[in-house]
Structures are given as C-alpha cells and as structure tokens.
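Since each chain sits alone in its own frame, please combine them into the complex, following the hints.
Residue numbers (my numbering), protein chains in the order written: chain A, 287 to 396; chain B, 64 to 176.
Please keep in mind that the hints were generated in silico from the structure rather than gathered at the bench.
Cβ coordinates follow ideal geometry from the N, Cα and C atoms, glycine included.
A portion of the hints provided could be inaccurate.
Here are the in silico distance ranges between beta carbons for each label pair [stated by the list, open to error]:
#1 B:Thr143 - A:Asp364: 30 to 36 Å
#2 B:Ser85 - A:His357: 27 to 33 Å
#3 B:Ser142 - A:Gln343: 43 to 49 Å
#4 B:Pro71 - A:Lys391: 26 to 32 Å
#5 A:Ser313 - B:Gly105: 35 to 41 Å
#6 B:Gly66 - A:Thr311: 46 to 52 Å
Chain B side only, calculated, beta carbon under 7 Å to chain A, not exhaustive [unchecked claim]:
#7 Gly105
#8 Glu111
#9 Phe123
#10 Phe127
#11 Pro169
Below, each chain spelled out in residue letters.
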Amino acid sequence: GEDVEQSLFLSVREGDSSVINCTYTDSSSTYLYWYKQEPGAGLQLLTYIFSNMDMKQDQRLTVLLNKKDKHLSLRIADTQTGDSAIYFCAEMGSNYQLIWGAGTKLIIKP
Amino acid sequence: KAGVTQTPRYLIKTRGQQVTLSCSPISGHRSVSWYQQTPGQGLQFLFEYFSETQRNKGNFPGRFSGRQFSNSRSEMNVSTLELGDSALYLCASSPGQGQYEQYFGPGTRLTVT
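With the rest of the complex left out, here is chain B (with noise of 0.2 Å):
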C-alpha cells in the first residue's frame, strides 16, 4: 500500500496570508489527524477526523481549521498567518475503529516571513 502523502512538502508565505496543505491516508484509513512540530513546542495535537467528522480538536486558535472529505483524504487551512506558525506539519492516518497505530507523511514545512 502507499504510505501517507502531503502536498505541498515546502511552502514560503508571509504575515497574514492564509494556506492550505492536504493529506492523502493509507489507502483503507478513515482517521487522519494533524500535528504541529516545532523546535521550542515539539509535537502538538491539531485535530482528528474520523469519516468527514471533527473528533478532537487541540488547543490551537480558531485560525486552524480542517476537513476531511468522503474519500478521507484532509485538508487543513491556517488563515492570518503569523512568524510563529512555521512549523513542519505532520499529518498522521489510522485505520481508526479500534485500531489505533497512526502512520505518519513527511510533513509539509511552512515558512512565515
């Protein structure tokens, strides 16, 4: 089977842009979930979708937002960006009902200038 991909693997944007980066899961998968990963924070908790639906939501500001669409694949958009949302954003695929290993893409890295 395919592993996780991301799209786009590199982005430059500046202050107060907004951007979008999509995740494709493992073929079967119908959990995605997002993580932030930065040096000073390490890796934080975005959110989770399970069949099109937000389960969890971490404790990020309202400028994070996600979808998930009926084929799973996911989208997540930050509006306003800011200097602090460079980060190298992980999106991560489970089989989700009761099978919990979570498989994760390369990342998509997010320069904010």
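With the rest of the complex left out, here is chain A (with noise of 0.2 Å):
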C-alpha cells in the first residue's frame, strides 16, 4: 500500500543546516513535496519535485530524490528561529489525492 514515513523531530543549531528524511512507498508517483506547517496554521508548499528529476534547488531549500531507494530529503541551509516548524512530506498517490507522512517538527537551538 502506499504510506510515507518521516522522523518526528529534528533538532539543529542555529546557521547549520537541517536535513528532513522522507521515505515513501508508490514507485508510481510523479510528484513528491515538502510543506511547512507553523502552529495554528494551514499548509505552505515550500518546494515540489517531478520524479523524472533528482533534484531541485531555490535559495535555501535543496531537494534530493534518489528513485531507486524512494528516498526525499529535503536540506535547509543557514537555518534560522523562523525555520522553526514541522515539515510534511508528501506524494502524490492514484487520483490526485496527496498520501502524507507524519511531520518532522524541526527544533532550532541557539
């Protein structure tokens, strides 16, 4: 079946670069995405890749997918307090619908 795993936190210093790990399960699927999740409030798609690609990069955020293992990451580099949040890894299942893992909720030390 399909199901997406991801840790459930993280926690990085201030500056260094935080790496959430996405695993999925639907060789199939031709979108993969990562969103960030503030408390009390919605969804942000930060970044989306196509599964023909292995990887995508804007500004600070890079993301890796290796097809082969069905591995997502996504890197946020010089990450600062507003990174604080938990991220959603996301692909896109049969008929549109989004199948998501758990959230990784990114801790920022000083």
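Rendered as structure tokens:
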C-alpha cells in the first residue's frame, strides 16, 4: 500500500544545515512535495519535485530524490529560528490525492 | 493573486448537528481537495473535485460530503457530528489539468462538544 514515513523530530543549531528525510512506497508517484506548517496555521507549499528529477534547488532549500531507494530529503541551509515548524513530506497517490507523512518537527537550538 | 480562503475559521458545534465549510480556491484553479488533520490520524484525504465533479473520495463515512460550484468554490458538509470529527479541515487548490501543486488555505478548526 501507499505509505510515507519520516522522523518525528530533528534538532539543529541555528546557522547549521537541516536535513529532513522521508521515504515513500508508491513507485508510480509523479509528484513529491514538502510542506511547512507553523503552529495554528495551514500548510505552506515549500517546494515540489517531479519524479523524473534528481535534485531541485530554491534559495536555501535543496530537495534530493533517490527513486531507486524511494527516498526524498529536504535540506535547509543556514537554518534560522523562523524555520521552526513541522515539515511534511507528501506524495501524489493515485487519483490526485496526497499521501502524507506524519511530519518532522524541526527544533532550532540557539 | 489572492490565496485560498476558507470560512469560517473556527466553529463550535454539538454532537448530532451538521456543519458546512466553505473554500474559495485561487483564481483560475479548477481543482479543490479537502483534508482532515487530527493529532492522532495526521492528514487524511477526504475528497477532490475538478470542474464540479468529484474525482476521488477518501475513506470517510457518508456523513462527509462535498460539492463544487461552477466558479470552482467548494463546500463540504458533515452531518450528524461526532466528537471524533473535531479537527482542522484544510482545503487545497490546484490548477489541475497536468499541474498538481496544491496550495492550502488556513483551515477551519471544528470543535464538536
């Protein structure tokens, strides 16, 4: 079946890079997404990657996709306190629905 | 462009009542999806509409229903509310037709007492 897994917590020091990992199971997924959710807020689309790409970079964000291992990662360079949030990985399943991971809470240490 | 809007932002209802939530997608977007977010179950897909047609439905009971209007605005309805329906209900807008990035509204926080 379709399932997305990610670690529940990640703690990094301010200024370091954060790497959030995700594994998915549906090899037919065409789109893979990273969303950010701050407390009390909705979901903010950070970036997405097509399954025919290996990497996508957007300012401080770098997404790496390893299709063979069904592994997706999000790297945030120069992590700031404003990056504190829950980060969700999602894959597009059959029939246009998003299949979600449980979310990784990013904790920034001063 | 204006983002996705959802109304109301907060609702308190009692068990057995029914509720209607509204979502206005980004202008030009034709696909609207609904998700339920709870601490225990995380994010779960409810249904997706494209050009007034429901294309897909998640694994929720028939008490959950929705519709989409000709201007792409969408509503979802929950009848005979149960305590377990307390959740954040999120609406996502997408261009559709080969473009599948989904943009979310702020959500409606429903509390059932």
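Q. Which hints from the list above does the structure break, by number from lowest to highest?
A. When the structure is compared with the hints, numbers 1, 2, 5, 6, 9, 10 turn out to be violated.
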